[in-house]
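Participant: First to last, the sequence lines map onto chains Y, C, Z, A and U.
Position in the first sequence (first residue = 1) + 2 = my numbering.
Position in the second sequence (first residue = 1) + 2 = my numbering.
Position in the third sequence (first residue = 1) + 2 = my numbering.
Position in the fourth sequence (first residue = 1) + 2 = my numbering.
Position in the fifth sequence (first residue = 1) + 2 = my numbering.
A portion of the hints provided could be inaccurate.
One-sided excerpt, in silico: chain C residues whose CB lies under 8 Å from chain Z [stated by the list, open to error]:
#1 11
#2 13
#3 14
#4 15
#5 17
#6 28
#7 36
#8 37
#9 38
#10 56
#11 71
Hints listed in this document are in silico derivations from the structure and should not be mistaken for laboratory results.
The structure displayed is predicted, hence computed values, not measured ones.
For each residue, glycine too, the CB sits at the ideal point set by N, CA and C.
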Amino acid sequence: MEIMQVAGSIVCTQRVGGLDHCNLRLLRTPKGKLSVAVDPVGASPGNWVFTASGSAARFACPNPDVLTDLTIAGIIDFWEPDG
Amino acid sequence: MEIMQVAGSIVCTQRVGGLDHCNLRLLRTPKGKLSVAVDPVGASPGNWVFTASGSAARFACPNPDVLTDLTIAGIIDFWEPDG
Amino acid sequence: MEIMQVAGSIVCTQRVGGLDHCNLRLLRTPKGKLSVAVDPVGASPGNWVFTASGSAARFACPNPDVLTDLTIAGIIDFWEPDG
Amino acid sequence: MEIMQVAGSIVCTQRVGGLDHCNLRLLRTPKGKLSVAVDPVGASPGNWVFTASGSAARFACPNPDVLTDLTIAGIIDFWEPDG
Amino acid sequence: MEIMQVAGSIVCTQRVGGLDHCNLRLLRTPKGKLSVAVDPVGASPGNWVFTASGSAARFACPNPDVLTDLTIAGIIDFWEPDG
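With the rest of the complex left out, here is chain Y:
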């Protein structure tokens, strides 16, 4: 699962049917690449999150019929280096 930061929200009136009830967040990778993800956990601006991609992205939504290939799976509180 990829590590990304919430960069904003997407406004999008014309979309395919299967995305009806979803919040779309703009995410940024550490290298600056932007992508769009469904957000079922309610991430806040600036949050670091990790994302599920591929078919896992659909199952990560409350409704598994949502048409997404990228979904926020959790908000990272902090991480601990080992050892």
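Guided by the hints, dock chains C, Z, A and U onto chain Y, whose structure is given.
Facilitator: Below, chains C, Z, A and U without anything else, positioned relative to chain Y:
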């Protein structure tokens, strides 16, 4: 989901059966890479769109049997930076 | 779907069972990377094609049990810039 | 399957339902890219592991309903150059 | 399908259940990146092979329950430039 811009249309007479009734659009990533996507939302030239890839691309078509791995999922009106 | 050019054919006598009756073509991306694809449309040398990857690659074959993750989905005649 | 090194653990209180009982490890590729994986094998700090991605990542968990796209599949003891 | 060269074998005693009876080979891309693949065809050291990834990787194994996302699909004897 990736963010891309509509760059043109593809004319393609010889194709596999499962792509029969689909509009094929040429998309360009912000870095300039070109790819081909099925367009069920009717994007216009120059539109910024976001795309579903993998198995989600098939479900994003009105007919889920369409043989695509990249489908336009929505047209981006604008995006709002958080905070 | 990715845009690639037919660069040659692969000769391969030792292969897994699920690839028995398939033509294997060598494809080259615009950046020069080579990969191997199943060719159900009969592309000719030098043709520009677009490819289906992932699970879509299997469904793009006449026999969906073919063990491929990359299949030629169509031959590009030409493309039209929008506007 | 990708080769990565265990770099730490992720603490994450807000997450999607399907990740309830999983250890989340921070992995680092040889090029330094970080990602998050489910760890069913109990890797130790500094271990080199290989990972299953995509739908295989879910099947690699004791419970195949786990919502992951990256799972540690094994710990590398050592590798032998051929010949 | 990607083109890679057999670089060695992986020794790995601690692994997930679904990889029990598989040979794990170390593969190298033309750019030098290493990854781990299941080998059902019996590739030899130095062989150039092509690999199936994603869900196709599982079906390419004699037992489709094997937990792999990369499987050697064939050994390349040689390739012929077109035209």
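Participant: Can you name, in rising order, the numbers of the hints this structure does not satisfy?
Facilitator: When the structure is compared with the hints, none of them turns out to be violated.
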